[in-house]
Amino acid sequence: MQAYIARRLLALIPTLFFASLIVFVTVRLIPGNVIDLMLSQNDISADKFSRDQLIAALGLDKPMWEQYGRWAGGILLHGDFGRSLWQNTPVAELLAARLPVTFQLGLMALIVALTVAIPIGAYSAMRQDTTGDYVGRSFSILMLAVPSFWMGTMVMVFPSIWWGWSPEVKYLAFHQDPVHNLKMMILPAIILGTSLSAVTMRLTRTMMLEVLRQDYIRTAWAKGLSEQRIVSRHALRNALIPVVTLIGLQAPLLIGGAVIMEQIFVIPGMGLLLLDAVYQRDYPIITGVFLIVGVAVMVINLLVDLSYGLLDPKVRYR
Amino acid sequence: MATIAQPLPRARTAGHTRRFLGRLFREKPLGAIGGVVFLAFLFCGIFADLLAPYGVNQINPINRLKPPSWAFPFGTDNLGRDMLSRCLYGAQLSVIIGFCAAGLATLISVLLGIVTGYLGGKIDLIAQRFVDAWQSFPDLIVLIVVVSVVGPGMPQIIVTLGLLLGIAGSRIIRSAVVSVRENMYVHAAQSIGASTPRILWRHILPNVLPPIIVLFTTRVGVVILIESALSFLGLGVPPPAPTWGGMLSGSGRSYMFQGPWLALAPGLCLTIVVYATNMFGDALRDLFDPRMRGSR
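For the protein sequence lines, the chains are A and B, in the order given. By our numbering, the letter at position 149 of the first sequence is numbered 149, and the numbering carries on one by one without gaps. By our numbering, the letter at position 14 of the second sequence is numbered 14, and the numbering carries on one by one without gaps.
Because the hints were derived from the structure by calculation, they are not lab data. Heads up, a few of these hints could be off.
Ranges between beta-carbon positions, derived for each pair [claimed, not checked]:
1. B/H187 <-> A/T131: 48 to 56 Å
2. B/F25 <-> A/W221: 36 to 44 Å
3. B/W70 <-> A/P159: 23 to 31 Å
Far from chain A, some chain B residues (derived; all Cβ distances over 10 Å) [as the list claims (entries may be wrong)]:
4. R19
5. L21
6. A32
7. L51
8. Y54
9. Q92
10. Y118
11. E182
12. I192
13. A194
14. S195
15. R198
16. L205
17. F216
18. P239
19. F288
Glycine included, C-beta positions come from ideal geometry on N, C-alpha and C.
Please work from the sequences and hints to get the whole structure.
Quick look at the structure:
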């Protein structure tokens, strides 16, 4: 197991390096005229920054490799992501404030996705080719096609027209007011969760179908165990191992979806931070969010791989 | 060799197509319906100019916020623009972006997948770590960042989405190539001294064509969804271009409380087209290769 963890951690290093390069190069593509645009748009030229100062603040006056070294070194050694051009607060502080919000939304959405997907997927497999199976599968494929931002928009519009009800828009953190916080977060979590559940449901069904045909399931039936026991103790446990991997694969979708939900429901997470920074062209924030999102996805995938080692004895000894 | 190089006789290809369509409608009726809707969407996109009863940005203050009626089947928006016409032009934009970006993505996937899959070795190893890193970034976030750098607009969205999905999709082509690579006919071609480009073009490519077609079809749906999400956030093709995502956002949203039909038409268009594309793609995948069933 230790060798497995060590190998997995080593494999992370080149991936992290490439990821930092992608972030760096993408944002460094800024052509000169965007600098002018920033100056004119933000009105920061008048009081705070001259053109040269802005270029220096973005670190664009040094050669490429040095820029990269300073940037990556600053983050690795001091956790220094630079300062916001607009608010002049350290980006690391902003990130630290926003990350838990998005994390909570993502976690809640994930819980919704799994509680919707696994029972329906398992049921669909146990009653293969019945009406229930078709309804479950059609629902899942439909959820895959309904854009979450459309769902969100309709949830904002129709209840308000019909019943005069609209979702909370004032955000309070969980530790400030748990009830208010959950009331605000539950709707976006449900919308995001159901749209993610489709793929999980399909995989659960496929894996269950495969497992249910195994010899040990037949043995379990022959022993006279109840269906409930066979499914919960024998079939589902094995069928769910690949589903855990899927959670890692869906992490980018989860974060991408969170951006949209945060925008619709005005939740001050990473997504809203990114969008506000984009509208204001606050590049240090954009770079910071971009990198953190990539690293978050990698960490989630690492955790998924490690838990895979715990769940599946075959992986442990390979 | 010369005989192989000739195109298949036309009658034979036509027969193939007919038989394939027969199987599609018999075995996968839902997928076939998806295919028909997909073609209808393509038709609406191409002939939007002829089909639309009104101009795309034809403002008509007298008919502001009219509910759906015979004159305006999808109603009108806050400027009195006909929603049906705007949805049709929206289909046009979706067709252009969907097909260009999915085409570019498929091309990149094929090039990258064939080269890394066939050559293997160090290049493959490095390329795979790069793809790992690339896939850690949510598509939508990369697009938002790119738009923040180069500004919103159709060409940059097409190129970015093409690159994004192309690099991610190269894995699928690569795994198909790896399994084809070990076939006897490839070894035979290698042993008679065929050049690598020739082997790739003549022997590998034709045999990984089915996953390529499936990849393209499913990518069209993905592109349309992501583009609409981007437009919804106000970072897609700038207004007054009638994108489906854009129609659901911004100024339109404040008028939805007076005219809820504004929230319905573009969302329904999106859902139906993406649903149909997914069903069609799934059906193609199942027909081409039963082993790929259930995978993504």
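Each hint, compared with the structure:
1. B/H187 <-> A/T131: 48 to 56 Å: The hint (48 to 56 Å, Cβ to Cβ) holds, given that B/H187 and A/T131 are roughly 50 Å apart.
2. B/F25 <-> A/W221: 36 to 44 Å: holds, 38 Å
3. B/W70 <-> A/P159: 23 to 31 Å: holds, 30 Å
4. R19: Nearest chain A Cβ is 26 Å from B/R19, so the label holds.
5. L21: holds, 22 Å
6. A32: holds, 15 Å
7. L51: holds, 23 Å
8. Y54: Given that every Cβ of chain A is farther than 10 Å from that of B/Y54, nearest at about 24 Å, it holds.
9. Q92: Holds: least Cβ distance 19 Å, greater than 10 Å.
10. Y118: holds, 22 Å
11. E182: holds, 23 Å
12. I192: Answer for B/I192: holds, closest chain A Cβ roughly 38 Å.
13. A194: B/A194 is indeed farther than 10 Å from all Cβ atoms of chain A, at 34 Å.
14. S195: holds, 31 Å
15. R198: holds, 32 Å
16. L205: holds, 28 Å
17. F216: holds, 18 Å
18. P239: Label holds. Min Cβ-Cβ 15 Å, cutoff 10 Å.
19. F288: holds, 18 Å
Of the numbered hints stated above, none is contradicted by the structure.
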